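Colleague: Take a look at the letters that make up each chain.
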Amino acid sequence: MDKLLRSLQTLGALVVFIGQVARSAVTPPIYWGETLRLMNVLAKRCIVPVSLAVAPVGAVISLQGIEIFKLFGAERMLSSFLGTAIFREYSPALASVMVAAQAGSSIAARIGTMKVRGQIDALAVMSVDPVRYVVVPGVIACVIVAPLLSVLTNILGIFSGWVFAVPLGGIDHGAFMEHLTAQITPADLWIGLGKCSVFGLGIGLIAGYLGLNVGKGAADVGKAANDTVVSTIVLILLVDYAVSMALLGAGL
Amino acid sequence: MGEKVIPADVPAVVLDGVSKSFGTNTVLDGVSLTIDRGSIAVMLGPSGTGKSVLLRCLVGLLKPDKGRVLVFGEDVAALDEKKARDRKKLFALRRRFGMLFQDGALFDDMTVFDNVAFPMRLHTDMSEAAIREKVSDRLARVGVAHAEQKFPAELSGGMRKRVAFARAIAIDPDIVLCDEPSSGLDPVMSATLDELILELHRTLGMTFIIISHDTAEARKVADTIGMLANGKLVTFGPAQQVFAENHPALEQFFTRATVGPIKVV
Ligand SMILES: Nc1ncnc2c1ncn2[C@@H]1O[C@H](COP(=O)(O)OP(=O)(O)OP(=O)(O)O)[C@@H](O)[C@H]1O
Ligand SMILES: [Mg+2]
Numbered sequence: 001m002d003k004l005l006r007s008l009q010t011l012g013a014l015v016v017f018i019g020q021v022a023r024s025a026v027t028p029p030i031y032w033g034e035t036l037r038l039m040n041v042l043a044k045r046c047i048v049p050v051s052l053a054v055a056p057v058g059a060v061i062s063l064q065g066i067e068i069f070k071l072f073g074a075e076r077m078l079s080s081f082l083g084t085a086i087f088r089e090y091s092p093a094l095a096s097v098m099v100a101a102q103a104g105s106s107i108a109a110r111i112g113t114m115k116v117r118g119q120i121d122a123l124a125v126m127s128v129d130p131v132r133y134v135v136v137p138g139v140i141a142c143v144i145v146a147p148l149l150s151v152l153t154n155i156l157g158i159f160s161g162w163v164f165a166v167p168l169g170g171i172d173h174g175a176f177m178e179h180l181t182a183q184i185t186p187a188d189l190w191i192g193l194g195k196c197s198v199f200g201l202g203i204g205l206i207a208g209y210l211g212l213n214v215g216k217g218a219a220d221v222g223k224a225a226n227d228t229v230v231s232t233i234v235l236i237l238l239v240d241y242a243v244s245m246a247l248l249g250a251g252l
Numbered sequence: 001m002g003e004k005v006i007p008a009d010v011p012a013v014v015l016d017g018v019s020k021s022f023g024t025n026t027v028l029d030g031v032s033l034t035i036d037r038g039s040i041a042v043m044l045g046p047s048g049t050g051k052s053v054l055l056r057c058l059v060g061l062l063k064p065d066k067g068r069v070l071v072f073g074e075d076v077a078a079l080d081e082k083k084a085r086d087r088k089k090l091f092a093l094r095r096r097f098g099m100l101f102q103d104g105a106l107f108d109d110m111t112v113f114d115n116v117a118f119p120m121r122l123h124t125d126m127s128e129a130a131i132r133e134k135v136s137d138r139l140a141r142v143g144v145a146h147a148e149q150k151f152p153a154e155l156s157g158g159m160r161k162r163v164a165f166a167r168a169i170a171i172d173p174d175i176v177l178c179d180e181p182s183s184g185l186d187p188v189m190s191a192t193l194d195e196l197i198l199e200l201h202r203t204l205g206m207t208f209i210i211i212s213h214d215t216a217e218a219r220k221v222a223d224t225i226g227m228l229a230n231g232k233l234v235t236f237g238p239a240q241q242v243f244a245e246n247h248p249a250l251e252q253f254f255t256r257a258t259v260g261p262i263k264v265v
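As you go down the protein sequences, you meet chains A and B in turn.
Under the UniProt record's numbering, the residue at position 213 of the first sequence is numbered 213, and the numbers go up by one with no gaps.
Under the UniProt record's numbering, the residue at position 222 of the second sequence is numbered 222, and the numbers go up by one with no gaps.
Isolated chain A, as found in the complex:
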């Protein structure tokens, strides 16, 4: 009972916090310099791990897919499956999970450290709204960086799939490209990018909230970073599932 009450309180505080972030994000001042700096830092941090994560996925889809499609004599169709799987599911999910793991944790840790060491108070005394200065730039950066990364993972995922399908799998290059371009629609691309932005939004918000509400010491900073990663990844996977179901249901 007590626990339930506390969860509800946290949820209420989170809602208030989101309202505050939303208001700050649409009214001046927005600290663009800080936002660009963060985008740069976060993109650099994510680019290698996210590439390393998506490349094997494209490869595995091709490897497994060839075996299965062969059963039906339809291995020429492999690329249409690969394209949909990468563009709609794996690329956004992997890009977002990696942003959660790298960007989310570093945002939460940075804000948490600033809080614990009195720098958030120092900002406030200098008439700088901490939500505007440290939270909003993080949220904007995640919202932009996550879809940008997914563009990269789209390309890499397809490329590694192509490597295992065409040169190594013996599928004709022309057929691969034909089925790929016939299957992937702009909607696939936009849905993937949209998902990433939404996940990035969630990551930035949760990281900001947990960072600002950190406990008192160094260990609590670690906990804030950790909790950010775990809660956002769980959230991403659940929401991703729900969205995919809904979109399929809507015939998209």
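No lab work stands behind these hints, which were simulated from the structure alone.
Here the structure is a predicted model, which means the values were calculated and not measured.
All C-beta atoms, glycine included, are put in the ideal place defined by N, C-alpha and C.
There's no promise every hint is true.
A short list of chain A residues far from chain B (calculated; beta carbon distances all over 10 angstroms) [claimed, not checked]: (1) 110; (2) 118; (3) 126; (4) 172.
Taking lysine-lysine and the BS3-like style, the derived pairs with C-alpha atoms no more than 27 angstroms apart in a straight line are [stated by the list, open to error]: (5) 216/A <-> 63/B; (6) 232/B <-> 263/B; (7) 89/B <-> 66/B; (8) 134/B <-> 150/B; (9) 220/B <-> 70/A; (10) 220/B <-> 44/A; (11) 66/B <-> 220/B; (12) 82/B <-> 3/A; (13) 223/A <-> 82/B; (14) 232/B <-> 63/B; (15) 89/B <-> 63/B; (16) 88/B <-> 63/B; (17) 220/B <-> 232/B; (18) 63/B <-> 83/B; (19) 82/B <-> 63/B; (20) 44/A <-> 223/A; (21) 82/B <-> 66/B; (22) 220/B <-> 216/A; (23) 66/B <-> 83/B; (24) 216/A <-> 134/B; (25) 216/A <-> 3/A.
Model the placement of chain B with the ligands on the given structure of chain A, informed by the hints.
Modeller: Structure of chain B with the ligands alone, referenced to chain A:
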């Protein structure tokens, strides 16, 4: 900066019956005082009596349980940071303050230079060249010019303190709050800082509220002296008068006696 003009007779700071407790720990118990504009007030008091808490109440980082905290006539304690309108007012008031935190609170992902330039870049329309000149001047004045491009983690404790002081006075605030500016400094540096405070006070008319354990500093710079002990203001007034009265707690402080009204618990 388009600030509204405040009548000259409005004091910089008035505390009126300010009380603050943390749970059962009563830290401030009905503190009332007035600090005039353009004066230098030094607050003394044993460790852990609530001097830092008092400063935090002045800028609205802590809310007193009771009492009013008037800054240029506006009650900071009545402003609720969660409400957008109050926050705006609070932030407008805070622009009149510069604050040296007891532990510096420098931004550790910025260089010394950027730390001091930070308030200028945010709150003034100074050109980058003008900022450069002023930051360099201020850093030179506190003896850390050579460390401009270092990060706070690469500085000594005393250097961090001096950089934090430079940041506190960066945009020539009306009121400078200094939480133990001289602790951790050698006597020469400490005296240099005192002289800088006196000069800023003389040339720009800044009001200083300084927390200190250093009785020599208090004698040198203070117009007004106060002493906080056990949550109460045991003495407060013009420096000469306070020195003449020589309250037992103050005397104990000055003579470093272990026996007296100030108890080590
Ligand atoms: N955020 C807080 N939560 C709970 N208690 C606090 C908090 N801040 C200060 N206190 C308590 O208030 C009391 C006064 O603290 P404060 O930092 O004001 O002392 P001080 O007079 O500045 O001491 P020093 O000279 O050592 O800096 C202490 O007992 C401290 O434990
Ligand atoms: Mg203190």
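Colleague: A separate judgement is required for each hint: does it hold in the structure or not?
Modeller: Hint check results:
1. Distance check on residue 110/A: its Cβ comes as close as 7 angstroms (rounded) to a Cβ of chain B, failing to clear the 10 angstroms threshold; non-interface status is violated.
2. Not every C-beta of chain B lies more than 10 angstroms from that of residue 118/A, the closest at about 4 angstroms, which undercuts listing it as non-interface.
3. Its closest Cβ contact with chain B, about 5 angstroms, brings residue 126/A to no more than 10 angstroms, contrary to its assignment away from the interface.
4. Even its closest Cβ contact with chain B, about 53 angstroms, leaves residue 172/A beyond 10 angstroms, as expected for a residue assigned away from the interface.
5. The straight-line distance between the Cα atoms of residue 216/A and residue 63/B is roughly 19 angstroms, inside the 27 angstroms bound, and the hint therefore holds.
6. About 14 angstroms separates the Cα atoms of residue 232/B and residue 263/B, which keeps this hinted pair within 27 angstroms; it holds.
7. Distance check on the hinted pair: residue 89/B and residue 66/B sit about 20 angstroms apart at the alpha-carbon level, within 27 angstroms; holds.
8. Taking the CA atoms of residue 134/B and residue 150/B, the gap is about 18 angstroms. The hint holds against a cut of 27 angstroms.
9. Distance restraint check for residue 220/B and residue 70/A: the Cα-Cα separation of roughly 91 angstroms exceeds the 27 angstroms cut-off, and the hinted pair is therefore not satisfied.
10. The straight-line distance between the Cα atoms of residue 220/B and residue 44/A is roughly 53 angstroms, outside the 27 angstroms bound, and the hint therefore fails.
11. Annotation: proposed proximity of residue 66/B to residue 220/B is violated, straight-line Cα distance about 34 angstroms (limit 27 angstroms).
12. The suggested pairing of residue 82/B with residue 3/A holds, with an alpha-carbon distance near 26 angstroms, which does not exceed 27 angstroms.
13. Restraint check for residue 223/A and residue 82/B: satisfied, since their Cα atoms lie roughly 26 angstroms apart, inside the 27 angstroms limit.
14. With a C-alpha separation of about 17 angstroms, the suggested pair residue 232/B and residue 63/B falls inside the 27 angstroms cut-off, and the hint holds.
15. This hinted pair checks out: residue 89/B and residue 63/B have alpha carbons roughly 15 angstroms apart, not beyond 27 angstroms.
16. Straight-line distance between C-alpha atoms of residue 88/B and residue 63/B comes to about 17 angstroms, which keeps the hinted pair within the 27 angstroms bound.
17. Distance restraint check for residue 220/B and residue 232/B: the Cα-Cα separation of roughly 24 angstroms lies within the 27 angstroms cut-off, and the hinted pair is therefore satisfied.
18. With a C-alpha separation of about 14 angstroms, the suggested pairing of residue 63/B with residue 83/B holds against the 27 angstroms cut-off.
19. At most 27 angstroms may separate the alpha-carbon atoms for a hinted pair to count; residue 82/B and residue 63/B meet this at roughly 12 angstroms.
20. Of the supplied pair hints, the one linking residue 44/A and residue 223/A holds, its CA atoms being roughly 24 angstroms apart against a limit of 27 angstroms.
21. For the given pair, residue 82/B sits about 19 angstroms from residue 66/B by alpha-carbon distance, which is consistent with the 27 angstroms threshold.
22. Annotation: proposed proximity of residue 220/B to residue 216/A is violated, straight-line Cα distance about 38 angstroms (limit 27 angstroms).
23. A hinted pair counts as satisfied when its Cα atoms are at most 27 angstroms apart, and residue 66/B with residue 83/B qualifies at roughly 20 angstroms.
24. Taken as a hint, the residue 216/A and residue 134/B pair is broken in the structure, with Cα atoms around 36 angstroms apart against an allowance of 27 angstroms.
25. For a cut-off of 27 angstroms, the pair hint linking residue 216/A to residue 3/A stands: about 21 angstroms separates their Cα positions.
Violation of the numbered hints given earlier is confined to hints 1, 2, 3, 9, 10, 11, 22, 24; the remaining hints are satisfied by the structure.
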